[in-house]
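Enquirer: What follows is the residue order along each chain.
2 protein chains.
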Amino acid sequence: MIRIAIDAMGGDFGPEPIIEGVVQALEEKSFLPILVGDKNEILSLLPQYYINKVEVVDASDVIDMADQATNALKRKESSIYKAVELVRNKEADAVVSAGHSGATMTLATLRIGRLPHISKPALATLMPSIGKNKTLVLDVGAVTDCTPQNLYEFGAMGEAYMEKAMHIAHPRVGLLSNGSEDSKGNALTKEAFKLLKNLRGFVGNVEGKNIFDGSVDVIVCDGFTGNILLKTSEGVVTTVFTLMKQYIRKSLPAKIGALMMRKKVFVNMKKEVDKDEYGGAPLLGIDGCAIISHGASNAKAIKNAIFQAMAYTQSDVNKEIESLLSHKEG
Amino acid sequence: MIRIAIDAMGGDFGPEPIIEGVVQALEEKSFLPILVGDKNEILSLLPQYYINKVEVVDASDVIDMADQATNALKRKESSIYKAVELVRNKEADAVVSAGHSGATMTLATLRIGRLPHISKPALATLMPSIGKNKTLVLDVGAVTDCTPQNLYEFGAMGEAYMEKAMHIAHPRVGLLSNGSEDSKGNALTKEAFKLLKNLRGFVGNVEGKNIFDGSVDVIVCDGFTGNILLKTSEGVVTTVFTLMKQYIRKSLPAKIGALMMRKKVFVNMKKEVDKDEYGGAPLLGIDGCAIISHGASNAKAIKNAIFQAMAYTQSDVNKEIESLLSHKEG
Chain A
194 MIRIAIDAMG GDFGPEPIIE GVVQALEEKS FLPILVGDKN EILSLLPQYY INKVEVVDAS
254 DVIDMADQAT NALKRKESSI YKAVELVRNK EADAVVSAGH SGATMTLATL RIGRLPHISK
314 PALATLMPSI GKNKTLVLDV GAVTDCTPQN LYEFGAMGEA YMEKAMHIAH PRVGLLSNGS
374 EDSKGNALTK EAFKLLKNLR GFVGNVEGKN IFDGSVDVIV CDGFTGNILL KTSEGVVTTV
434 FTLMKQYIRK SLPAKIGALM MRKKVFVNMK KEVDKDEYGG APLLGIDGCA IISHGASNAK
494 AIKNAIFQAM AYTQSDVNKE IESLLSHKEG
Chain B
194 MIRIAIDAMG GDFGPEPIIE GVVQALEEKS FLPILVGDKN EILSLLPQYY INKVEVVDAS
254 DVIDMADQAT NALKRKESSI YKAVELVRNK EADAVVSAGH SGATMTLATL RIGRLPHISK
314 PALATLMPSI GKNKTLVLDV GAVTDCTPQN LYEFGAMGEA YMEKAMHIAH PRVGLLSNGS
374 EDSKGNALTK EAFKLLKNLR GFVGNVEGKN IFDGSVDVIV CDGFTGNILL KTSEGVVTTV
434 FTLMKQYIRK SLPAKIGALM MRKKVFVNMK KEVDKDEYGG APLLGIDGCA IISHGASNAK
494 AIKNAIFQAM AYTQSDVNKE IESLLSHKEG
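Order-wise, the sequence lines are chains A and B.
Everything in the first sequence is counted per the working numbering, starting at 194 for the first residue and increasing by one.
Everything in the second sequence is counted per the working numbering, starting at 194 for the first residue and increasing by one.
Bear in mind the hints are in silico, worked out from the structure with no lab data behind them.
Quick caveat, the model's predicted, so the values are computed rather than measured.
A couple of the hints might just be wrong.
Pairs count within a copy or across copies, as identical chains cannot be separated in the list.
The list that follows gives simulated cross-link-like pairs (lysine to aspartate or glutamate, EDC-like), each with its CA atoms no further than 20 Å apart [what the hints assert, rightly or not]:
(1) Lys283 to Asp480
(2) Lys390 to Asp257
(3) Lys377 to Asp257
(4) Lys438 to Asp406
(5) Lys438 to Asp467
(6) Lys402 to Glu427
(7) Lys456 to Glu270
(8) Lys377 to Asp260
(9) Lys313 to Glu384
(10) Lys443 to Glu465
(11) Lys448 to Glu374
(12) Lys438 to Glu465
(13) Lys387 to Asp338
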């Protein structure tokens, strides 16, 4: 049975939605949750029926969103430290955390360790697309200043993840740039371009709009650009719907029209851009599996993050990453 | 009378929409258009009534979108070269071009020249916002690899433009980063942050979502990031409306609802994100005025680009840029 260590304390709303998510996941799939955090609180929130379906590891400390990620290594009694340690000691197959993402990334990288050939792990997220499949963008926040080699490794990790965990036959990998021509790019991406040519699936430079049009499966960028891209996209979606609401409010026919569109259009669209549908972003490049959920995760997000951790663990992603990077010279 | 040199040949659709835009502008405001391009073609497209309201400068060559910007300096018979030269020789106050933007930027920078204290001019564009005013983002494509000093100058140029040309009382200037805390940023922005503190209106780091929420008036970034941000935003808008149409098509009530929302919601929203409403992006930092319109500009876009050139010329933007940067040590 797959064992998933879960930081029960880290989210913005405390342990409640996390434990609720674990319960929802157990209703659908068979796995062993190892809940890490305040034992009494966890047990008090857990329905009686589930008490012997989980393990609980007591942890007295919680790393707060305001804490520095760099202190994480010293906070050995924190729930996230102990959850990561379970993976390091092979007592769990994966860790899921909605807590301090910097702390989780630091601990996962340093305590679980990197895969061979990986200089820096990357955070990868699936973006909505009008194509058949979603597009994986990496890095979206682990490595702010990247080298060309980092970007090359991100490309290999993205290719491996989409093929092995998401079952895309021949993932197409693009390098995010300021134009699609080979000559485009900044100093960093121009060097990375040369290295990425070694990847089977590399299709060259792609533009911001290609994130959403299904033309590629993986988009590689540095973590600074990835963060901006993510928050810009969220900002645009919020703006479009805020403007729409403002105009709807001013007109009665528009109000009625919006009601008629609600169920079949707006509800479905919301689902399409709903982060809770995937639940979290995998940290690729570590010698294990860590799924990082956003702090405001609800039960559904946690449930889906657990399912993602299970799919990852059952797949050959890490083996494929190693294999792709060891064949670089081929 | 303000004299505006207009590259009549450079747009994707040839001289027709450009001349139509000039005519529309003349119907509303008084200025002297100097149309540069194939004289016979221009005169054949110009309604009789307007023939003595414009000047025409003959140019036998056109720089194509496929041409290299670096060759622009040698193409002395091209419409854009001759249009820029009119500003250089003080025969025109500003130049408007929907042609090859790289060529226009190169020529404007090298032939018209930079303002004192400016190391690199930047392309600035207004982005839609749910705030009262639009947000100016720069650079969006002139300088791919920036130094901290470049970003500092961009900040000063943006502040000057919003204050003098857009009449915003105390423009707030933000530095685009991967988080709003002072400690966030990559190697480039961390250094730029220190310099930008010298600016009156500097409010610190801002995130991608702040482009659209009206929390700042100016957002500074390097041209690589700016290009990605622009194309990502366009991609998100396209995706949202494509998804919406797909869902609407599948449901009759939704179809009727969409019709009821059309006039008061969708038409207004389209206007809100319509690039043709501003017509072009000013190249800030040159010792003159150049407005760069997108290649697919229609008549309305050209008209608005001309109005923007007039407003720029009548304002003290360039003087203010100089003044802000000469007081750096204060």
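Enquirer: Work down the list of hints and note, for each, if the structure agrees.
Expert: Hints and how they fare:
1. Lys283 to Asp480: within (11 Å within a copy, 66 Å between copies)
2. Lys390 to Asp257: neither (42 Å within a copy, 30 Å between copies)
3. Lys377 to Asp257: Result: close only across copies, 18 Å inter versus 41 Å intra.
4. Lys438 to Asp406: The answer is between: 15 Å across copies meets 20 Å, while 26 Å in one copy does not.
5. Lys438 to Asp467: Both: 19 Å inside a chain and 19 Å across chains, each within 20 Å.
6. Lys402 to Glu427: Classified as both: same-chain Cα gap 14 Å, cross-chain 7 Å, threshold 20 Å.
7. Lys456 to Glu270: neither (47 Å within a copy, 60 Å between copies)
8. Lys377 to Asp260: Between. Shortest inter-copy distance 14 Å satisfies the 20 Å Cα cut-off; intra-copy 39 Å does not.
9. Lys313 to Glu384: within (17 Å within a copy, 23 Å between copies)
10. Lys443 to Glu465: Between. Shortest inter-copy distance 16 Å satisfies the 20 Å Cα cut-off; intra-copy 27 Å does not.
11. Lys448 to Glu374: Close neither inside one copy (45 Å) nor across copies (40 Å); limit 20 Å.
12. Lys438 to Glu465: Result: close both inside a copy and across copies, 19 Å intra and 14 Å inter.
13. Lys387 to Asp338: Answer is both: 19 Å inside a copy and 18 Å across each meet the 20 Å cutoff.
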